[in-house]
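**Student:** For reference, the chains in residue letters:
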Amino acid sequence: MKRSWRGVILLCIVLFLNIICTQKAVNAYYFEHYRSVIMYALFNILLFPAAYLIYRRERDVR
Amino acid sequence: MDKDQDQEVQCAECVKQKHIQNLQQKQQRKNDQIPFEENNYTHNIRKGDERLLDRRAFMKTMVGAAGVFAVSTLPWGALAVKGLAGGGHQDDPPLRITDIADLPVGEAAKFAYPGKHDSALLIRLSENEYKAYQNACTHLKCPVFWSKEKDELVCPCHHGAFDARTGKPTAGPPQRPLPEVLLRQEGGAVYATGVKHYET
Ligand code: FES
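Protein chains in written order, with numbering that gives the first Met the number 0: chain A, 0 to 61; chain B, 0 to 199.
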């Protein structure tokens, strides 16, 4: 059975970006770069619907 | 009349018999049968658990994790907004740390600045050289102490070390320098006058 692993790979990338953004946001906060903290936090939040959309599209692909 | 009655009784008897026979046959047929409709003998393989970690479940987990990350950055974002709204840094009132006479060269004194929970260290590096840092480790906030022998600030938690002259991390996990406390000498005492903010 041949499977599509695209969804899995894409979601792995999303999660990786999540980790990076969280780390960067926390660091930026301590460096008092509040604007970048907000950017990273926003990006992190936007990644969630993106992940959900990827899941929806790839769920039923065999 | 008598004969008729007899026949009827007999008939009732045979109906009963037939019924019993029928029942027995039914029972037998039931017992002979395989108890399941299917005949490929896979009913004892539980597929439920197998699906717990298939591709779709894995993707679901990933989406859930993305959600957790999204939520976990929210408080940082909120704090940042608060920091932005608070505008610049308001000046902290000066605080008298210690008398110079009470602090021999190479020793350190503990104090708290600007809040009473922001513990800090004042180090007398030489006759006339003082440095003070907030001593919560920039890794995971363990209290850093001054080691005279090693001539640096040492964090006991994960063996982090900071240069006492600049506050920069020299070893271990910390990445940010310790926040420096600005000092002023006046009338034989050392005062803290503010916290230096990162320039980068
Ligand atoms: S908390 Fe100081 S090195 Fe980890």
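Misleading hints may appear alongside valid ones.
To be verified - Pairs of lysine-lysine, DSBU-like flavour, derived with a Cα cap of 35 Å:
#1 K147(B) / K195(B)
#2 K15(B) / K59(B)
#3 K81(B) / K23(A)
#4 K167(B) / K23(A)
#5 K115(B) / K147(B)
#6 K25(B) / K23(A)
#7 K23(A) / K15(B)
#8 K23(A) / K195(B)
#9 K17(B) / K23(A)
#10 K23(A) / K109(B)
#11 K140(B) / K23(A)
#12 K109(B) / K59(B)
Calculated from the structure, these hints are not laboratory results.
**Student:** The structure should be examined with respect to each hint, and the outcome stated for every one.
**Tutor:** Here is how each hint holds up against the structure:
{"no.": "1", "hint": "K147(B) / K195(B)", "in the structure": "holds (24 Å)"}
{"no.": "2", "hint": "K15(B) / K59(B)", "in the structure": "violated (63 Å)"}
{"no.": "3", "hint": "K81(B) / K23(A)", "in the structure": "holds (18 Å)"}
{"no.": "4", "hint": "K167(B) / K23(A)", "in the structure": "holds (19 Å)"}
{"no.": "5", "hint": "K115(B) / K147(B)", "in the structure": "holds (26 Å)"}
{"no.": "6", "hint": "K25(B) / K23(A)", "in the structure": "violated (75 Å)"}
{"no.": "7", "hint": "K23(A) / K15(B)", "in the structure": "violated (88 Å)"}
{"no.": "8", "hint": "K23(A) / K195(B)", "in the structure": "holds (22 Å)"}
{"no.": "9", "hint": "K17(B) / K23(A)", "in the structure": "violated (86 Å)"}
{"no.": "10", "hint": "K23(A) / K109(B)", "in the structure": "holds (32 Å)"}
{"no.": "11", "hint": "K140(B) / K23(A)", "in the structure": "holds (18 Å)"}
{"no.": "12", "hint": "K109(B) / K59(B)", "in the structure": "violated (51 Å)"}
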